[in-house]
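Undergrad: Spelled out, the chains give:
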Amino acid sequence: MTAAGLTIREARPDELPSVIELDAKVTGVKRPDFWLDLSHQRTGSKTLAIVVAAMGDEIIGYALGDLRAWPVRAPACGWIYAIGVAAEYRQQKVASALMEAMIDHFAKNGAASIRTMIEVDDHLLMSFLRSFGMTAGPFVELELKLERP
Amino acid sequence: MKLQQATRYALWAVVELASRANEQVRAQELAERYDLSQNHMVRVLHALTKAKIVKSARGPGGGFTFCANANRLTVYDIICLFETGWPNEESTEHQQHNPVVGELGRVLHEVDRITWATLRSVTIQTIIKNATRAAASRPKADPAGTP
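Chains as they are written, first to last, in numbering that gives the first Met the number 0: chain A, 0 to 148; chain B, 0 to 146.
Treat each hint with caution, since some may be false.
[Claimed, not checked] Derived DSSO-like pairs (lysine-lysine); straight-line CA-CA distance at most 30 Å:
id, chain 1, residue 1, chain 2, residue 2
1, B, Lys128, A, Lys92
2, A, Lys92, B, Lys1
3, A, Lys107, B, Lys128
Calculated from the structure, these hints are not laboratory results.
Bear in mind that the values here come from a model prediction, so they are computed numbers and not experimental data.
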């Protein structure tokens, strides 16, 4: 059942602090520079989307994505950078509504596919994304830890 | 990835029954639908009944009904019921002091980690949704009957 009174829309600039705060609660990572940098990029971009789920004036969820050709050798596709819902509003189809909005945004901007990158142990998020039909893509993320001298 | 016959039968049966919630489906129908041995399917269904994933009703109108939560039950859960040695004990070979044993263990651990993450994130409901989506996007058969 979808939360009553839920609105999905583009984030207003004055809502960014609320999004940053909610993202910190959802991810456990404070990253205001990440959000501020993307918010500045959005001014000159037609494809970068910061979408929020709102109950009245309260921001209860967010999604962020852009149409990009990098970082892998592939045609431009929609990249979902972040999606999150406040804990007390989960299991009410809020994330699904945010995801639908992102899919719609990318489709309108000509994307033929959507990609994202998540932690391999985040089975819950992976399960959610797979429920939309997302599957493993043709690329794999590799990592090298640099040892400090 | 190679799975035992019983595991594959179980996965097909679970997905079929979950997609027909509240229906009682006979073992014979399941076996015929997937072109399988009925005896083998019956054994698989009894194991699923014991695991409380399906329930059975006897009699003329009887059959098997899905009774678990398709949004929570995963492919990994079914595999663990039927495959010998699952769930695998997490290998500690990558922690070995011998560097060759440790490195090979690390590579195998990497494969296991991705495999488990994939299987644990695919719910029965996701299989149903994606199969339905795939069927809907197939081109319709030529009415003239051209193969």
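Undergrad: If any of the earlier hints don't hold here, list their numbers in rising order.
TA: 2
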